[in-house]
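Participant: Letter by letter, the chains look like this.
Protein chains: 2
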Amino acid sequence: MTAGPTAPKAQLIAAEVRRRIVEREWLQGDRIPDEADLAVEFGAARATVNKALQLLADEGLLDRKRRAGTRIAVNPVRKATFSIPIVREQIEAEGMAYSHRVIAQRDSPIPGDVAARTGLPEGSLLTHLRAVHYGDGKPFQFEDRWINRTALPQVAGADFRALNANEWLVQNAPYLHADVEFSAANADARDARMLQVRRGQALLILHRTTWNDLGPITTVRLACHPGYVMSAAS
Amino acid sequence: MTAGPTAPKAQLIAAEVRRRIVEREWLQGDRIPDEADLAVEFGAARATVNKALQLLADEGLLDRKRRAGTRIAVNPVRKATFSIPIVREQIEAEGMAYSHRVIAQRDSPIPGDVAARTGLPEGSLLTHLRAVHYGDGKPFQFEDRWINRTALPQVAGADFRALNANEWLVQNAPYLHADVEFSAANADARDARMLQVRRGQALLILHRTTWNDLGPITTVRLACHPGYVMSAAS
DNA sequence: TGACTTTCTATGTCTAGACTTATTGCTGTT
DNA sequence: AACAGCAATAAGTCTAGACATAGAAAGTCA
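Residue numbers (this note's numbering), protein chains in the order written: chain A, 400 to 633; chain B, 400 to 633.
Hints are computed from structural coordinates only; laboratory data are not their basis. A few of these clues could be false.
[Said to hold, decoys possible] With a Cα cut of at most 27 Å, we get these calculated BS3-like pairs of lysine-lysine: (1) B:K464 to A:K450; (2) A:K408 to B:K450; (3) B:K464 to A:K464; (4) A:K450 to A:K464; (5) B:K537 to A:K450; (6) A:K478 to B:K478; (7) B:K408 to B:K464.
Being a predicted model, the structure only gives us computed values, none of them experimental.
Using the sequences and the hints given, assemble the complete structure.
Facilitator: Shown next, in the form of structure tokens:
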């Protein structure tokens, strides 16, 4: 994380400004010197300073406004980033053998909650898929997915027994926008059966919905095995 | 999300490349024209094309390597971003009145799990704080926090009854690095009492740990009220 | 006093050109 | 066939300069 001596100049400048903030040389709400001045101070072009400050603004450390200048954020709303994982890679990264089982795959009319999530009209016919992903034979994640065949006609020819839906979609349906929601739920009867846990067990639930230019592609509810932890950083 | 006609050129280029990927004009693993060619095609400077492609690479859509060129990612590991929220703002954003109550604040020897999380040695003395945050008088979040007084001597003088720890820290201890973990747990006796739910209720748990240049600042376990949903996007 | 206009400044963005550097793929040697 | 050395290439980065534009501050008029 600490920018080494060989790091690009913009990184070094960002690191130095970050240091001045963290070590409270510059305080909350303070206006910092403008780009031109910092450019002189650091012996860099203004574009380079601009890049560095943009970076810190993206991190939430700085507030920048035209003409008004750059200020240290008063209540820095920091942002964190996480990778949307591919189940198989995730399981294999933990040193386990991946396998999966398709529980059901059929076309069904859209249920109300899925309609709400996707914005699709009631009565639409979607492909409904349920599958369980295993690591070393133990249930890892239970997937309950709805796929919009209108935005993705190729679905008809896909065999999710061979390649799991997660990867098939990643490879066949790049999306423009995704929503992810984390929540917790007590395992219901189906969750419990699929994940081989007792009913009521607390599970981390991920809801993920993706869109491309034709509309919603897919929405999925992922129930993770107990003990599962999702990490993010910075 | 769709870059309008007035959007900056780099955004337009990014949007166009994104379109070619989503509409499968360019396929998985394909090498795309190099920056110089795209610059000519789009009538822009190479730096502008570079900015656009960097953006897409950060999104995970492209893989870029020196000399080897730019390729469409085969298994795009997409990234999503969320804001690390300030409890009070979060509650007020939902139109509720914020209040909080400090349950306990004392110095205690570090427990094992906190030592593991922070990397601090066993035997360290930390400030241990427990508080509940309420929205319209109903429990919203139960906070169990450990603060490293070594990295943050000012803690001694802080009154968390007046300003909650979350905001005090945001304003007094900007961090260089943060870890966030999501998991689920059944409410134990204390969780149940604090959040006024029945034991065993599934709760979304957030663990957040922050560091500055002096070492770990604080680590906190946040137990959210049932029904709480954490959202991320893109 | 308040509402409108103008001016001016700091950031936002782009350009053309240059230099740096990781990698690839070739070449000639063992 | 294996390997070392070398040149070509595409991305990574920076610079100096330019123009655009939001919005704060000052000035103008009713």
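Participant: For each hint, tell me whether it holds in the structure or not.
Facilitator: Status of each hint after checking the structure:
In summary, the hint linking K464 (chain B) to K450 (chain A) is supported, as the alpha carbons are separated by about 21 Å, within the 27 Å threshold. At most 27 Å may separate the alpha-carbon atoms for a hinted pair to count; K408 (chain A) and K450 (chain B) meet this at roughly 17 Å. For the suggested pair K464 (chain B) and K464 (chain A), the alpha carbons sit about 35 Å apart, so the restraint of at most 27 Å is broken. Distance hint between K450 (chain A) and K464 (chain A) is fulfilled; the C-alpha atoms sit about 15 Å from each other, no more than 27 Å.
Restraint check for K537 (chain B) and K450 (chain A): the C-alpha separation of about 44 Å exceeds 27 Å, so the hint is violated. As the CA atoms of K478 (chain A) and K478 (chain B) are separated by approximately 12 Å, the hinted pair is consistent with the 27 Å bound. Distance check on the hinted pair: K408 (chain B) and K464 (chain B) sit about 23 Å apart at the alpha-carbon level, within 27 Å; holds.
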